[in-house]
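Protein chains: 2
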Amino acid sequence: MAPSNDLANSILSGNRSALARGITLVESRRREDFHPAERLLSGLLPHCGNSLRIGITGAPGVGKSTLIEVLGMQLCEAGKQLAVLAVDPSSSVTGGSILGDKTRMDELSRHANAFIRPSPGGDTLGGVAGRTQEAVLLCEAAGHDVVLIETIGTGQSEVAVHNMVDFFLVMLSPAAGDELQGIKRGVMELADAVLVHKADGDLLAAANRTAQQCMLAMRILHSGDESPPNVLTGSSVKKTGIEELWQCIEREVTERRNSGALADRRSSQSVAWLDRTLQGALLADFLATPNAAKELAAARERVASGAQVATAAARAVLRQYREG
Amino acid sequence: MAPSNDLANSILSGNRSALARGITLVESRRREDFHPAERLLSGLLPHCGNSLRIGITGAPGVGKSTLIEVLGMQLCEAGKQLAVLAVDPSSSVTGGSILGDKTRMDELSRHANAFIRPSPGGDTLGGVAGRTQEAVLLCEAAGHDVVLIETIGTGQSEVAVHNMVDFFLVMLSPAAGDELQGIKRGVMELADAVLVHKADGDLLAAANRTAQQCMLAMRILHSGDESPPNVLTGSSVKKTGIEELWQCIEREVTERRNSGALADRRSSQSVAWLDRTLQGALLADFLATPNAAKELAAARERVASGAQVATAAARAVLRQYREG
Numbered sequence: 001m002a003p004s005n006d007l008a009n010s011i012l013s014g015n016r017s018a019l020a021r022g023i024t025l026v027e028s029r030r031r032e033d034f035h036p037a038e039r040l041l042s043g044l045l046p047h048c049g050n051s052l053r054i055g056i057t058g059a060p061g062v063g064k065s066t067l068i069e070v071l072g073m074q075l076c077e078a079g080k081q082l083a084v085l086a087v088d089p090s091s092s093v094t095g096g097s098i099l100g101d102k103t104r105m106d107e108l109s110r111h112a113n114a115f116i117r118p119s120p121g122g123d124t125l126g127g128v129a130g131r132t133q134e135a136v137l138l139c140e141a142a143g144h145d146v147v148l149i150e151t152i153g154t155g156q157s158e159v160a161v162h163n164m165v166d167f168f169l170v171m172l173s174p175a176a177g178d179e180l181q182g183i184k185r186g187v188m189e190l191a192d193a194v195l196v197h198k199a200d201g202d203l204l205a206a207a208n209r210t211a212q213q214c215m216l217a218m219r220i221l222h223s224g225d226e227s228p229p230n231v232l233t234g235s236s237v238k239k240t241g242i243e244e245l246w247q248c249i250e251r252e253v254t255e256r257r258n259s260g261a262l263a264d265r266r267s268s269q270s271v272a273w274l275d276r277t278l279q280g281a282l283l284a285d286f287l288a289t290p291n292a293a294k295e296l297a298a299a300r301e302r303v304a305s306g307a308q309v310a311t312a313a314a315r316a317v318l319r320q321y322r323e324g
Numbered sequence: 001m002a003p004s005n006d007l008a009n010s011i012l013s014g015n016r017s018a019l020a021r022g023i024t025l026v027e028s029r030r031r032e033d034f035h036p037a038e039r040l041l042s043g044l045l046p047h048c049g050n051s052l053r054i055g056i057t058g059a060p061g062v063g064k065s066t067l068i069e070v071l072g073m074q075l076c077e078a079g080k081q082l083a084v085l086a087v088d089p090s091s092s093v094t095g096g097s098i099l100g101d102k103t104r105m106d107e108l109s110r111h112a113n114a115f116i117r118p119s120p121g122g123d124t125l126g127g128v129a130g131r132t133q134e135a136v137l138l139c140e141a142a143g144h145d146v147v148l149i150e151t152i153g154t155g156q157s158e159v160a161v162h163n164m165v166d167f168f169l170v171m172l173s174p175a176a177g178d179e180l181q182g183i184k185r186g187v188m189e190l191a192d193a194v195l196v197h198k199a200d201g202d203l204l205a206a207a208n209r210t211a212q213q214c215m216l217a218m219r220i221l222h223s224g225d226e227s228p229p230n231v232l233t234g235s236s237v238k239k240t241g242i243e244e245l246w247q248c249i250e251r252e253v254t255e256r257r258n259s260g261a262l263a264d265r266r267s268s269q270s271v272a273w274l275d276r277t278l279q280g281a282l283l284a285d286f287l288a289t290p291n292a293a294k295e296l297a298a299a300r301e302r303v304a305s306g307a308q309v310a311t312a313a314a315r316a317v318l319r320q321y322r323e324g
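Sequence lines, in order, name chains A and B.
Note that the working numbering gives residue 113 to position 113 of the first sequence, counting from 1, and the numbers run on in steps of one.
Note that the working numbering gives residue 38 to position 38 of the second sequence, counting from 1, and the numbers run on in steps of one.
If we strip away everything but chain A, and leave its shape as in the complex, we get:
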C-alpha cells in the first residue's frame, strides 16, 4: 500500500517523474502491477476530471506534431499545464515514434509546463485506448489543465480517442485529395472542428479552397444541428489561426459545460469504456484457454472461405470452452 500512496502523493504534488512512473504502472501488462495500478487510480480519482481533453487526428504528414508544438507553447506561455499523449497502435512495429519523439516538439518538450508522453506502443486496440484513458486521469491528478491526445487517422484508434475526449479535432492538408483517403470512413463526421493546416505561402489559396469545400460538407452533414462544426485554417509555421483555433475549442467546451452536455458526454464515455473493458477481458479469458486462439484462427479461415456460417463457427469454437 505504502509505495502506491507515496506515488499518489508525488503525482498530486506535480512531480513529473512520479507521473511518468504512474503512467508506466497503469500501462503495465504484468499481473502483479494490476492491483497497485488500480489502487493508484482509485486514490487519485477524486482529483481527476478537471482538464480539457482534446483529441487531434489527421493523416501522417498533415503536421500534427508541429501544431501541437506551436499550440502547446502558447498554452504553456499563458500559464497552462499541458500534457500530450499519443495513441499509435502501429508504433511498436515500426519503432518510429520513439525516435521521432526525440526530434519533434523540441521546444515544447523542454518547457516546464509541458509533459509529453510517447505512445505506449502496439497492442490490441482496446488495451492501448484503455491505458491512454487512465493516463489522462493521472495527468489530471497531476494538475494538467489541458490534455492533448494525438492519433493518426488511419486505423481504429481515432474512434477510440473520440470516445475519450471533450473535443475532437480533425486536421486536413490544403490539398485534401490525397490524405482524406487515409482517414477512416466515418471519422470526418465525428469532428467537433476541422483545421485545414499549412495555410501559408504557396498553399494558402489551396487551403482556403479546401476549407470552403469542407465547410459546405460539414454544413450538409450537420444540417440538422444548431451549428455545424467549425472549419478553420491555420499555419503553424506562420503561427496564424492557432489563437482562433484555441478560442473555438474553449468556446465550444464552455458552452457544453454550461449546458450539462459535457458531463453527460463524459458519463456515457465512461460507461462505454466499462463495457468495452469487460468485453475485452472476457475475450482475453477465452483466448487464454488451451487451443482457443488456434481454434478461433481456424474458424476465421473457414468463415472467410465460405465453408462455414459465422454463427456456427462461433458456436463450434465456444463449445470446447464451455465444456472445458
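No wet-lab data here; the hints were simulated from the structure.
Mixed in with the good hints there might be a few duds.
Copies of the same chain are indistinguishable here, so a pair counts whether it falls within one copy or spans any two.
Said to hold, decoys possible - Capping the alpha-carbon separation at 20 Å, the derived lysine to any residue pairs in SDA-like fashion look like this:
{"#": "1", "residue 1": "Lys184", "residue 2": "Arg266"}
{"#": "2", "residue 1": "Lys294", "residue 2": "Val271"}
{"#": "3", "residue 1": "Lys184", "residue 2": "Val159"}
{"#": "4", "residue 1": "Lys239", "residue 2": "Glu107"}
{"#": "5", "residue 1": "Lys294", "residue 2": "Ser305"}
{"#": "6", "residue 1": "Lys184", "residue 2": "Glu226"}
{"#": "7", "residue 1": "Lys294", "residue 2": "Ser267"}
{"#": "8", "residue 1": "Lys184", "residue 2": "Arg265"}
{"#": "9", "residue 1": "Lys184", "residue 2": "Ala261"}
{"#": "10", "residue 1": "Lys80", "residue 2": "Gly14"}
{"#": "11", "residue 1": "Lys294", "residue 2": "Ala272"}
{"#": "12", "residue 1": "Lys294", "residue 2": "Arg276"}
{"#": "13", "residue 1": "Lys184", "residue 2": "Ser268"}
{"#": "14", "residue 1": "Lys184", "residue 2": "Leu52"}
{"#": "15", "residue 1": "Lys294", "residue 2": "Ser268"}
{"#": "16", "residue 1": "Lys294", "residue 2": "Asp275"}
{"#": "17", "residue 1": "Lys80", "residue 2": "Asn50"}
{"#": "18", "residue 1": "Lys184", "residue 2": "Asp264"}
{"#": "19", "residue 1": "Lys294", "residue 2": "Leu282"}
{"#": "20", "residue 1": "Lys80", "residue 2": "Ser17"}
{"#": "21", "residue 1": "Lys294", "residue 2": "Ala281"}
{"#": "22", "residue 1": "Lys239", "residue 2": "Gly79"}
Please read these numbers as outputs of a predicted model, since none were measured by experiment.
Based on the hints, put chain B in the right spot on chain A.
Frame of chain A, contents of chain B only:
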C-alpha cells in the same frame, strides 16, 4: 435430422412458407432450436451467396417503404426474385412494424416474385443483426436474386446492416436539414450511394439543391477515392430516377465483383460477424451467471457518476465471475 432436411429441400425448391419457417427457426432464441437451425444453415450454405445484398437506410419519413415498393415491383416485373428484410430493433417496443407491414408495400407483397419479412423485433443489437444475416442466407438458398435490407438510420442497426451488404444506400429528403439530424454520425460516410427522394412537384427544386450539395460533400469526403459515391435524385410517386438508381447499383457491384473487391468484402464481413458473435456469446454467458447483470448495472452507475474508474469497475464485476 429428417425434419431439418425436409425443410432444407422445401426452401431450395422455392417454397415460400418453408422459407418463412426457416427464418423463424434461425431467429428463434429457444435453446432446442439452436442445433436444428445450425444444421439447416450448414446444409444450405453451398447454395448461398448468389444474391445482390443491398442495405437501405434513411430517417423515418424519407419514404423507404415507398421506394422499395416501386423498385421492388420493377425488379419483380423484370423476372427477378426479390426478398425484403427489415432490421428495426425498436419494433418490439412499439409493436409498430407488424401493423405497418400490413398496410405498406401493398402491391409488392402480393407479387409472386416477392418475399417480404417484417422485423424480428427488438433484441440486443448483435442478436438482431446476426439473425438478419442468417435470414439473408436462407433467402439466397431459396433462389432470391436480390435481398433488400431496410433499416432506420437512427440507431446502431445501420452500421450492422452496412456490415452485411454489398451495397449501402442512404436516402435523404429534399429538405435535408431536418432528417440528417436523425442519421447517426458517420453513416453518411458509409454510403455507397445517396438517393435524394421525393424529387417531384413542389419539392423538385429543393431535392436538386440537396443533391448538389450532397454531391459536393461526398466529393470532399471521398476526394482520395477513384470515384466518389453517386448522389441521385428520384421520386417513387412519379417513378423517376428509380431505373437510374438500379443501374448505378448494378454497375458498381459488377465492377467490384470483377475486381475481386466484392469477394474480399464478403470474406471480411463474415470474419467480423464471427468475432461479434463470439464476443456477444461470451458476454451472454457472463450475464447469465447469478447476479452478473445486477452487478454490471451497479458498476455502470458508479462509473457514470465518477465514483469509480471504468477499468477498476470492470475488474470488480469480473472477479466474482472468475472465482465462481
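Verification of the supplied hints:
1. Lys184 to Arg266: Between. Shortest inter-copy distance 19 Å satisfies the 20 Å Cα cut-off; intra-copy 24 Å does not.
2. Lys294 to Val271: between (32 Å within a copy, 15 Å between copies)
3. Lys184 to Val159: both (9 Å within a copy, 14 Å between copies)
4. Lys239 to Glu107: within (15 Å within a copy, 64 Å between copies)
5. Lys294 to Ser305: For Lys294 and Ser305, the Cα distance is within 20 Å only inside one copy (17 Å; across copies 40 Å).
6. Lys184 to Glu226: This pair counts as between: shortest inter-copy Cα distance 16 Å, intra-copy 26 Å.
7. Lys294 to Ser267: between (38 Å within a copy, 19 Å between copies)
8. Lys184 to Arg265: Only across copies: Lys184 and Arg265 sit 16 Å apart there, 23 Å inside one copy, limit 20 Å.
9. Lys184 to Ala261: between (26 Å within a copy, 18 Å between copies)
10. Lys80 to Gly14: within (13 Å within a copy, 70 Å between copies)
11. Lys294 to Ala272: Classified as between; 17 Å across copies, 29 Å inside a copy.
12. Lys294 to Arg276: Between. Shortest inter-copy distance 17 Å satisfies the 20 Å Cα cut-off; intra-copy 23 Å does not.
13. Lys184 to Ser268: Classified as between; 16 Å across copies, 23 Å inside a copy.
14. Lys184 to Leu52: Neither. Shortest intra-copy (25 Å) and inter-copy (25 Å) distances fail the 20 Å Cα cut-off.
15. Lys294 to Ser268: between (35 Å within a copy, 18 Å between copies)
16. Lys294 to Asp275: between (26 Å within a copy, 14 Å between copies)
17. Lys80 to Asn50: Close inside one copy (13 Å), not across copies (61 Å); limit 20 Å.
18. Lys184 to Asp264: For Lys184 and Asp264, only the inter-copy Cα distance (18 Å) is at most 20 Å; the intra-copy one is 26 Å.
19. Lys294 to Leu282: Cα proximity of Lys294 and Leu282: in one copy and across copies (17 Å, 17 Å).
20. Lys80 to Ser17: Within one copy, since 19 Å is at most 20 Å while 69 Å is not.
21. Lys294 to Ala281: both (18 Å within a copy, 18 Å between copies)
22. Lys239 to Gly79: Answer is within; shortest intra-copy Cα gap is 19 Å, inter-copy 64 Å.
When the structure is compared with the earlier hints, a violation turns up for hint 14 alone.
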